[in-house]
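Take these sequences, add in the hints, and give me the full structure.
Residue numbers for the sequence shown, in the numbering used here: 3 to 240.
Since the hints were made in silico from the structure, they are not lab data. Hints may be right or wrong, so weigh each one.
Label-pair ranges, simulated between beta-carbon atoms [what the hints assert, rightly or not]: (1) Pro196 <-> Gly41: 15 to 25 Å; (2) Gln34 <-> Glu67: 36 to 46 Å; (3) Arg100 <-> Asn215: 30 to 40 Å.
Fair warning: this is a prediction, and the values are worked out from it, not measured in the lab. Using N, Cα and C, we set each Cβ at its ideal position, and we do this for glycine too.
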Amino acid sequence: MIGISPTRPPILVALAAALVMAFAPAPRTHAQETSVRPGINDPYRDPDVDEWVDRLEAEDRVIFEYRHAIVAALALEPGMEVADVGAGTGFLTLMMARVVGPEGRIYAVDVVPEFLDHVTKGAAAAGLANVATVLGDQRSTRLEPLSVDLILVSDTYHHFEFPRHTLASLHAALRDDGRMVVVDFERVEGVSPPFAIEHVRAGRGTVTDEIKNAGFDLLREIPLMEHEGQYYLEFGKR
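As structure tokens, this is what we get:
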């Protein structure tokens with residue numbers, strides 16, 4: 003570091019400060035984050051939406067089977083504004099839209115335009131005017147700052163290619179007293195099925211740590227689908 007004495011001429015003081023700034027290491031930012039799972043979302047490019055409806059809304063899919071219990075656990079109230087991040091075919095989006103009522107709003111967020119078109123058509127067919135769609139990308143949900151009371155991330159966290167970036171956008175979108183619920187797969191070697199080991203990047207502990215590091219506090223865990231190999235975590239914005 004360049005020392006500055008009280009007797010040094012002002013022009014040298016300014017020059018010294020400029021040199022310190024010029025050669026100081028650049029602060030680390032989210033721009034330096036690399037993908038944690040390159041290609042994880044490639045299967046959703048140019049999707050056959052009807053085929054994905056059959057897969058995502060299959061009766062033997064845990065999230066679909068427990069959809070009513072999940073929505074009930076969210077403790078939604080009329081008038082709330084909620085983001086369904088990774089909305090997919092939108093079955094949870096439409097269920098939540100009915101609960102929050104016409105005074106509330108549900109934002110269906112996804113990186114797949116075809117899914118969002120499907121959600122829009124489904125909302126119109128159901129007579130729900132309180133559903134809006136938001137096309138995100140691999141680094142941001144593109145939700146407006148302080149725009150939602152609650153965020154649901156259901157079977158989607160393991161699809162975040164750039165979790166620090168995406169979590170930053172979620173933190174910014176959530177109001178100060180807001181909550182975020184994450185539902186995802188357990189990943190335990192020797193216990194979880196091969197699908198979870200191969201497809202899911204990280205287990206509950208790592209996911210929890212990443213979310214805490216992004217400015218959230220863990221509020222509670224609900225053993226809603228524990229015997230099905232999935233967890234339900236609720237976080238508050240710090």
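Results of checking the hints against the structure:
Distance hint for Pro196 and Gly41: a CB-CB separation of about 19 Å, consistent with the stated range 15 to 25 Å. As the Cβ distance of Gln34 to Glu67 is approximately 40 Å, the hint placing it in 36 to 46 Å holds. Checked against the hint of 30 to 40 Å, the C-beta distance between Arg100 and Asn215 comes to roughly 35 Å, which is consistent with it.
The earlier numbered hints are all upheld by this structure, with none contradicted.
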